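Each chain, written out:
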Amino acid sequence: MNPQPAWEEIERLYFEALNLPEAERKAMLAGLGPALRDEVESLLRADSSDALPLSPPVHMAADLLDAQPDALTPGQRVAGYEVDSLISVGGMGEVYLARDAAGRPVALKLLRRHLIANPQAVDRFETEARAASALRHPNIVTVYESGESPEGLFIAMEWLDGSTFRVVMDAGAAELAQAMDWGAQAAGALSAAHSAGILHRDIKPENIILCKNGVVKILDFGLARQGEPARPEEISSGASGTISGSLSGTLLYMPPEILRGETATSASDVYSLGTFLYELATGRHPFAGETPLDVFEAIEYRVVPPVRSLRAAIPLEVDRLISRMLDRVPDRRPTATEASEVLAARAELA
Amino acid sequence: MFFERRPGPMDPQGEVTMLLTAWANGDQTALNKLIPLVYAELHRIARRAWSEQQQYNTLQPTALINEAYLKLANVENASFQDRCHFFAVSCTAMRQILVNHARQRLADKRGGEHVKLSLDEAQPVVHQEAAEIVALHEALEALQAIDPRKAKVVEMRYFGGLGIEETAEALGVSVGTVNRDWRLARSWLIRHMNRENP
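Order-wise, the sequence lines are chains A and B. Quick note on numbering: the first sequence equals residues 1 to 350 in this note's numbering. Quick note on numbering: the second sequence equals residues 1001 to 1198 in this note's numbering.
If you are wondering where the hints come from, they were derived from the structure by calculation, not from laboratory data. Be aware that one or more of the hints could be misleading.
[Unchecked claim] Restraint-style ranges between C-beta atoms, simulated for each label pair:
1. A:147 <-> B:1174: 17 to 27 angstroms
2. B:1035 <-> A:74: 55 to 65 angstroms
3. B:1174 <-> A:297: 51 to 61 angstroms
4. A:20 <-> B:1175: 15 to 25 angstroms
5. B:1106 <-> A:30: 37 to 47 angstroms
6. A:302 <-> B:1106: 44 to 54 angstroms
7. A:294 <-> B:1035: 46 to 56 angstroms
8. A:163 <-> B:1106: 50 to 60 angstroms
9. B:1029 <-> A:167: 47 to 57 angstroms
10. A:74 <-> B:1106: 21 to 31 angstroms
11. B:1026 <-> A:9: 26 to 36 angstroms
12. A:38 <-> B:1176: 19 to 29 angstroms
13. B:1106 <-> A:212: 40 to 50 angstroms
14. A:38 <-> B:1029: 36 to 46 angstroms
[What the hints assert, rightly or not] Some chain B residues close to chain A (C-beta under 8 angstroms, calculated; not the full set):
15. 1146
16. 1147
17. 1180
18. 1183
19. 1184
20. 1187
21. 1188
22. 1190
23. 1191
Given the structure is predicted, the values throughout are model-derived calculations rather than measurements. No residue lacks a Cβ here, since even glycine has one placed at the ideal position from N, Cα and C.
I would like the entire structure built from these sequences, with the hints used as guidance.
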């Protein structure tokens, strides 16, 4: 038995039968041998079935992208570091608690190239490594080392024991003297970055850490640039997490000039910090809105009540400082250095 | 310099073009080297598309393949035939991706490990689709033994999401042939699956 001629015969008869009207088809099939007739008949029956919707499996294609890559397991080594546990994971890679050779804790950021689809991720990662390494300041997270390992690109950073200001602010209003001290530290960090010619470009509570010892640290210099134009879409899609999450997160701290597509300057960072200080001092975000569009409009047009109208104990100088930081005209804003000095002076008095 | 840009996996364009040419010239081992490259690229594109859009209906396999083609093949110097070959390889890679994933999903479900609580109405559809994909893949392997071209037509249309004309173009046959192959293959596959899973 040679199956190949039989298949060709089946194929020929199948199409012949398909083209015949019902009665003639029956007659034609009746004239076939039993085995051949069974083959052709069963195929014709299947032809009229709607069992197999032969369309591409779109859901499956979407679904498979949902799967997260496997995290590294405790004890695994990346360069000279031993992984302890996974801290966070996002579109921009993973952060692990790891130990250096001496057993000290480090935060290990890892970007596994082959698992990362976002082409911006690698650029962003390299930018962060470069910018943060160039900055040495008590209020900027210290980068120990960065490079490429078989597991991917990595940055080993100072391990910070504390929480982001998002968490701090969610816990309730801060004591005023404390808020001013924290603001002074954050402004001091920006001042140092600006003196080094580096813009942060993504200042928001999620990127500012309050350590348990009271020290404030700015992190995530992944969008840092030296005097290059910033575009809103670049910032929004470049930030960590999902688009929707990052858009709403970042948009709230985005200066009006960036929304309009203008070039970011040090004054843009000052504005974002001003928004953060407003929220920290009053517990209210100056540009909060129901939808991204509301926020857009608020940033462009809302008349923001001075912080003292919401919390009378706030010193006049601080009230004026924050209002100037939020000026829609970048040139009229104070420098980060000035902001740091005003806040530090008031924090000491309080 | 913190990061050295290295040629190799990150810049596979030249390699893909070379392998496509080798394959077109009859080197069958080139195909085995091509598929993983295309596979990785499709995965990357799909992941990115997913993270950007988060919408099922925007993820068409054929769009992924087109993008992979633009990315991997040296489009300016590619011949029409190169393009056809690339599409043929991509559909095979897409089939592997989808089948592997579908199997994973079914295994997760059976093992009960996949404790992903979801009220998403798409979930039952996804599971049904996973079972369907695996069944079709297995039936297709059987058809391949009998009539490789018909199996290829189904692979390109179902797994690659290619249209009739694109499939004809990629296989170098007429539209009429693809239509006929498609119709008989479909009947054959339905019959086969009914017999395997009554």
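Now the hints, each set against the structure:
1. A:147 <-> B:1174: 17 to 27 angstroms: violated (56 angstroms)
2. B:1035 <-> A:74: 55 to 65 angstroms: violated (34 angstroms)
3. B:1174 <-> A:297: 51 to 61 angstroms: holds (58 angstroms)
4. A:20 <-> B:1175: 15 to 25 angstroms: With Cβ atoms ~23 angstroms apart, the hint holds.
5. B:1106 <-> A:30: 37 to 47 angstroms: holds (43 angstroms)
6. A:302 <-> B:1106: 44 to 54 angstroms: holds (53 angstroms)
7. A:294 <-> B:1035: 46 to 56 angstroms: Holds: the Cβ-Cβ distance is about 49 angstroms, inside 46 to 56 angstroms.
8. A:163 <-> B:1106: 50 to 60 angstroms: violated (41 angstroms)
9. B:1029 <-> A:167: 47 to 57 angstroms: holds (56 angstroms)
10. A:74 <-> B:1106: 21 to 31 angstroms: Holds, since residue 74 of chain A and residue 1106 of chain B (Cβ atoms, about 30 angstroms apart) stay within the stated range.
11. B:1026 <-> A:9: 26 to 36 angstroms: holds (31 angstroms)
12. A:38 <-> B:1176: 19 to 29 angstroms: Because 28 angstroms falls inside the window, the suggested range holds.
13. B:1106 <-> A:212: 40 to 50 angstroms: holds (47 angstroms)
14. A:38 <-> B:1029: 36 to 46 angstroms: holds (42 angstroms)
15. 1146: holds (6 angstroms)
16. 1147: holds (6 angstroms)
17. 1180: holds (7 angstroms)
18. 1183: Given a least distance of 7 angstroms, the restraint on residue 1183 of chain B holds.
19. 1184: Because about 6 angstroms separates residue 1184 of chain B from the closest Cβ in chain A, which is inside the 8 angstroms limit, the hint holds.
20. 1187: Residue 1187 of chain B check passes; min Cβ-Cβ to chain A is 4 angstroms, inside 8 angstroms.
21. 1188: holds (6 angstroms)
22. 1190: Holds, because the Cβ-Cβ distance from residue 1190 of chain B to chain A comes to roughly 4 angstroms (cut-off 8 angstroms).
23. 1191: holds (4 angstroms)
The structure does not agree with the numbered hints 1, 2 and 8 stated previously, though it agrees with the rest.
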